[in-house]
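Undergrad: Take 769 as the starting number for the sequence shown in our numbering and just add one per residue.
Errors might be hidden in some of the hints.
Straight line, CA to CA, 27 Å or less: simulated DSSO-like cross-link-like pairs of lysine-lysine [stated by the list, open to error]:
id, residue 1, residue 2
1, Lys854, Lys824
2, Lys812, Lys835
3, Lys812, Lys1048
4, Lys824, Lys812
5, Lys1048, Lys854
6, Lys934, Lys1012
7, Lys1004, Lys939
8, Lys934, Lys1024
9, Lys1012, Lys896
Honestly, the hints are just simulated from the structure, not real lab data. Note that this is a predicted model, so its numbers are computed, not measured.
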Amino acid sequence: MELVYPGLDDFLKTALDEDIGTGDITTNCCVPPEAYSSGSFIMKEAGVICGLGVLKRVFELLDTNIKVTATASDGDTVESGAVVAKISGPARPILTGERLALNLLQHMSGVATSTAQAVRQVAATGVKIKDTRKTTPGLRALDKYAVRCGGGTNHRFNLADGVLIKDNHIKAAGGITNAINLVAGDTDAKKTKHLLRMQPKMEVEVETETLEQVEEALSAGANIIMLDNMPTEMMKEAVKLVGKRALTEASGNMGKQSLQQVAETGVDFISIGSLTHSVKALDISLRFE
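Using the sequences plus the hints, can you model the full thing?
TA: In C-alpha cells:
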C-alpha cells in the first residue's frame, strides 16, 4: 500500500510549527544537546497499524540523523504489546517530534482499524465499505489512505472527482431529472462542460430518500443511486426496483446500524462517515530504552 500525498512535507512542517511554536522549552532545558536516545513504538491495544511512513517523515524533517525502522507494515493487524517501529538518534528532536508523530500514527491506525472492523462485518456479502468527504481539513489524503489500509474503498477525493447530486442540489436545480439533465450537458455552464469533457467517463450518483426518487433517478439515467437514511425494508424494495440497472449505495448513520443487515438488502456499497469524522485513535506509545 502506497501513500500518495505530494503536499505531505508542507503539511507536516505546518503541523510542526504549530506544535513547537518558538521552541521546545522543556526539552531544551532538560536534555543536553549531545544526548542520544533509542526507543520503541509500542501498541497498547490491538488493531490495524497505519501511518508508519508518516511517522518516519516527521522525524526526518526534524533531524536527518534520526533513524526510524518499521518492524511492521501499514495494513498489518498487530496485537497489544507489539513493537511496530524502533527509533534512535539525537534525543532533543526525537522528543520534540514525538507528539505529532504519535498523533498521526494513532489517528491513521484508528481509521484503519475502524474500517477493518466494518469490512469484516460484511465480508460474506461482497459489499464494499466506502469512506466519505467527512474528514478533518488537511487530513483527507491520510484518512483515505488509512481506509484503504483497513480494506475499505475510497469515495471521491474532492468535489472535482465525481458527480454526486445531493438533496440540496436537487432542490436548487428544480428536481432530480433536471439536475441529471444539466450534468449531462443541457446547460450553458461552460466550466461544468469543461470538467465533464476532462472526465468523460465520470459516473453520476444521485442521493434519494424515497422509492419515488429512486424511480426518477433511474429514469433520468443515474449510474449510482444513494439510498440515504432508508430503513432496511425500504432499502430492499429500492434494490429490487433498481434491478441492477444502476449501482446502489447505502448511506446515513451507517456506523450506528448492523452493517450485515444493511449489506443483506443487496446494496453494492455502504458509505460510512464515522470511519473518519469521529474515529477513536488507537493507543500507541513511544518508550525510551
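Undergrad: With reference to the structure, classify each hint as holding or not holding.
TA: Right, here's what the structure says about each hint:
1. Pair hint Lys854 plus Lys824 holds up; C-alpha atoms about 10 Å apart against a cutoff of 27 Å.
2. For the proposed pair Lys812 and Lys835, the alpha carbon gap of about 22 Å is at most 27 Å, so the pair holds.
3. With a CA separation close to 14 Å, the supplied pair Lys812 and Lys1048 stays within the 27 Å bound.
4. As the CA atoms of Lys824 and Lys812 are separated by approximately 20 Å, the hinted pair is consistent with the 27 Å bound.
5. Only pairs whose Cα atoms come within 27 Å are accepted, and Lys1048 paired with Lys854 is accepted, the gap being roughly 24 Å.
6. This hinted pair checks out: Lys934 and Lys1012 have alpha carbons roughly 21 Å apart, not beyond 27 Å.
7. With a C-alpha separation of about 26 Å, the suggested pair Lys1004 and Lys939 falls inside the 27 Å cut-off, and the hint holds.
8. A threshold of 27 Å between alpha carbons decides the hint, and for Lys934 with Lys1024 the separation of about 21 Å falls inside it, so the pair holds.
9. Simply put, Lys1012 and Lys896 have alpha-carbon atoms about 16 Å apart, close enough for the 27 Å limit, and the pair holds.
The structure agrees with every numbered hint stated previously.
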